[in-house]
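Student: Going down the list, the protein sequences come from chains A and B. Start counting the first sequence at 1; every next residue gets the next number (our numbering). Start counting the second sequence at 1001; every next residue gets the next number (our numbering).
Since the hints were made in silico from the structure, they are not lab data. Every residue, glycine too, gets a C-beta built ideally from N, C-alpha and C. Please note: incorrect hints may appear among the correct ones.
Said to hold, decoys possible - Restraint ranges, calculated between C-beta atoms of paired labels, are given here: (1) Glu1033(B) <-> Gly225(A): 29 to 37 Å; (2) Asn1163(B) <-> Gly64(A): 47 to 55 Å; (3) Thr1216(B) <-> Gly429(A): 56 to 64 Å.
Read off the chains here:
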Amino acid sequence: MPTNILMPALSPTMTEGTLAKWLKNEGDSVESGDVIAEIETDKATMEVEAVDEGTIGKIVIAEGTENVAVNEIIAVLLEEGESADDIGDVSKDAPVSTPKADSADSEPDVKPQSDASAEQHDGKEIENRDILYAQGVVIEPPPFDEASFTETKEMTVRVALRDAMAEEMRRDDTVYLMGEEVAEYNGAYKVSEGLLDEFGAKRIIDTPITEHGFAGMAVGSAMNGLKPIVEFMTWNFGMQAIDHVLNSAGKTLYMAGGQLGCSMVFRGPNGAASRVGAQHSQCYASWYAHVPGLKVVAPWSGADAKGLMKAAIRDPNPVVFLENEMLYGATHEVPTDEDFVIPLGRAKIERSGSDVTIVAFSIMVGKALEAAAKLAEEGIDAEVINLRTIRPLDRYTILESVKKTNRIVTCEEGWAFSGIGAEIAALIGEHAFDYLDAPLARVTAADVPLPYAANLEALALPQAEHIVKAAKKVCYAD
Amino acid sequence: MAKSNTSKKSNDKGVKKPNVKSGSNSKADPSVEDLQKLYRDMLLIRRFEEKAGQLYGMGLIGGFCHLYIGQEAVVTGISSVQEPQDTVVTSYRDHAHMLACDMDPKGIMAELTGREGGYSRGKGGSMHMFSKEKGFFGGHGIVGASTAIGTGLGFAHKYKGDNGVAVAYMGDGASNQGQVAECYNMAALWDLPVLFVIENNQYGMGTSVKRSSAGTLYRRGEGYGIPGEQVDGMDVFSVQDAARQALDYIRTGNGPYILEVLTYRYRGHSMSDPAKYRSKDEVKTMKDDRDPITAIKDMLQGKGVEEAEIKEIDKEIKAIIAEAAEFAQESPEPHEDELWTDVLVEV
Chain A
1 MPTNILMPAL SPTMTEGTLA KWLKNEGDSV ESGDVIAEIE TDKATMEVEA VDEGTIGKIV
61 IAEGTENVAV NEIIAVLLEE GESADDIGDV SKDAPVSTPK ADSADSEPDV KPQSDASAEQ
121 HDGKEIENRD ILYAQGVVIE PPPFDEASFT ETKEMTVRVA LRDAMAEEMR RDDTVYLMGE
181 EVAEYNGAYK VSEGLLDEFG AKRIIDTPIT EHGFAGMAVG SAMNGLKPIV EFMTWNFGMQ
241 AIDHVLNSAG KTLYMAGGQL GCSMVFRGPN GAASRVGAQH SQCYASWYAH VPGLKVVAPW
301 SGADAKGLMK AAIRDPNPVV FLENEMLYGA THEVPTDEDF VIPLGRAKIE RSGSDVTIVA
361 FSIMVGKALE AAAKLAEEGI DAEVINLRTI RPLDRYTILE SVKKTNRIVT CEEGWAFSGI
421 GAEIAALIGE HAFDYLDAPL ARVTAADVPL PYAANLEALA LPQAEHIVKA AKKVCYAD
Chain B
1001 MAKSNTSKKS NDKGVKKPNV KSGSNSKADP SVEDLQKLYR DMLLIRRFEE KAGQLYGMGL
1061 IGGFCHLYIG QEAVVTGISS VQEPQDTVVT SYRDHAHMLA CDMDPKGIMA ELTGREGGYS
1121 RGKGGSMHMF SKEKGFFGGH GIVGASTAIG TGLGFAHKYK GDNGVAVAYM GDGASNQGQV
1181 AECYNMAALW DLPVLFVIEN NQYGMGTSVK RSSAGTLYRR GEGYGIPGEQ VDGMDVFSVQ
1241 DAARQALDYI RTGNGPYILE VLTYRYRGHS MSDPAKYRSK DEVKTMKDDR DPITAIKDML
1301 QGKGVEEAEI KEIDKEIKAI IAEAAEFAQE SPEPHEDELW TDVLVEV
């Protein structure tokens, strides 16, 4: 029996890849361990080694083919005594099992779309905004005419983040990027790809695996006039450094009576990736959002990524920037104007609706939009708010929406207890109690460490269907 | 700033002490003027701390208050050979470092009393004061944090090419923190201009170095190729000589250096520490036989300086401290609006 060689999954988040190059031709013999092809994953170009020995009987997927699904047959290997005639039908459509299809991160059939016509608040310039915010005053968000940025280009979130950093580094010599594998490796998730080539080793700095030390060091350099971007390979590892993020970066301005602060960005992927287990899959939004002195940002789309990253770098305060690995490869239309800088503290209404407000951030925005589309089919018109900034939270936009819809569902990938949804519940309780027509509902992760098994992981993480269910419940339509 | 050649010179750098000639302030022949200046600087610290202790006892200073009495020669010796572009960061026993950075005693004392006239307008306290203008970057209450921040100050000096050196102080207790090892590694890897100063006063709160620390503190950089040296911190000239050599070594692009300065605090860890972990005799011996200020006074007298002339300095210092204490009590508490300001820089 000829052996099928399948498209391998070479990263936790890879569902498809590009067959970049064949290193063997039909008729070549291979031994186990020979490199037969090069495959571009969502993170890197990887070599594929032969497992079995034999002769390449047929190359099914030609080199240069993009979007080859994991487990698709890419070639057929013949054993001794077999010939090409022994190969059956291995057309591209041949059914192959893809275990990933059941996992939590499966792509929805329809790409979640934000509604360009959704009405946004004008916002308002307000003096002493941060002081009023600290005092709990509900204030209008800063103004931003997003619709005026009409020139766009399709790009991935990953490239949007990279371009934002590159543009700001060109603009300001004191901005530098530091972290594990950010330079020569081009980023563990390819977010800093090409930056070393452009900016050199002085400004794109590979660190040892010592988060506590290099985060503290970056804080010191910020006090001494530089603007560091610190990449944590993931925010899970950022826990090693949380003391410096809170105590050194977050509190210095106040403790110094305003004469010395830290203008810097801590960034990296946050939340669950795919099947990487409990220690690599936690949402830290509420941890950092708890702390006065920090700003906390969580982009969803490519435009979010670009405009918020630029704002974070320009901000004179320490900003915790929570990315999401599952979103890095998603493509969106992103404004190309270098002045596309989204003000921190301003949420975006991704979809206008009148029946129920769904508040989400990061990856949950996509799921909320997916849920809204499903709800629309059932006659429920949901408004979806993308928070963009967690702290300072755009309380105004949330409250105005609830006053209109009288119902609210909060969504987050983190746990419910002391989570962002709990904070929003408090906000509603304090400022919109009389407007509610139903109790608030929270869609969150299950209150367990994230399990590894695909089925359990899917059960633990909040999905669009959970949002649909919660929205129907608050609309008394279940 | 990462080096392309990672094998670098760490091996041949070894841990040998640098061979740099002593400058004019060397132990060999201090001038009367030099002696007077050192005497004045150290006495200012001692009298300041004594007054702080007194105000604490009167309930005018709250919270934690860590006094530097006994350790004066360390920061005085090092700061006397720094250059103006250098930066300093330390932990929570920080009043002396601020005085040595030429910060105003009035502003420091008023911060201790939590008043509007304090360096942080009363919002920082004893452990959290800063002066960008004077190159003093805190004042940090988390043990070990000053090393990482100091390494970052050095990183910025190198990045900007301003020929500055960051002087990062830590205590013997802090030297066991994980981030200290992390920073030795990075500072050596990238040849950062950082002078790590371990003020070894023999006790991390109540635990002696013997009970907390394996090996020898100044040799902890050996594996990273960072030279280290142990000096007598009760002798300001030894400190000065060692610091001068270390700073020259660092400033000429050789990377970091570790100075372990053996010193002694006469008071407890903080004002609330009865210091029962050491004998009264031990403290008395240090005070009687090794006091850095008495030593300078003796040298001045040995050079024929009249007692009355020394008394003049004492009086001068006393006046500065009295003025600071008065200011610290008269300055009003911060306005209630201060509660809300300086959380963030307004965009």
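Student: Hints first: check each against the structure and report whether it holds.
Tutor: Verification of the hints:
In this structure, Glu1033(B) and Gly225(A) meet the distance hint of 29 to 37 Å, their C-beta atoms being roughly 35 Å apart. For the hinted restraint 47 to 55 Å between Asn1163(B) and Gly64(A), the CB-CB distance of approximately 53 Å keeps it satisfied. At about 59 Å, the CB distance of Thr1216(B) to Gly429(A) agrees with the hint of 56 to 64 Å.
Consistency note: the structure conflicts with none of the earlier hints.
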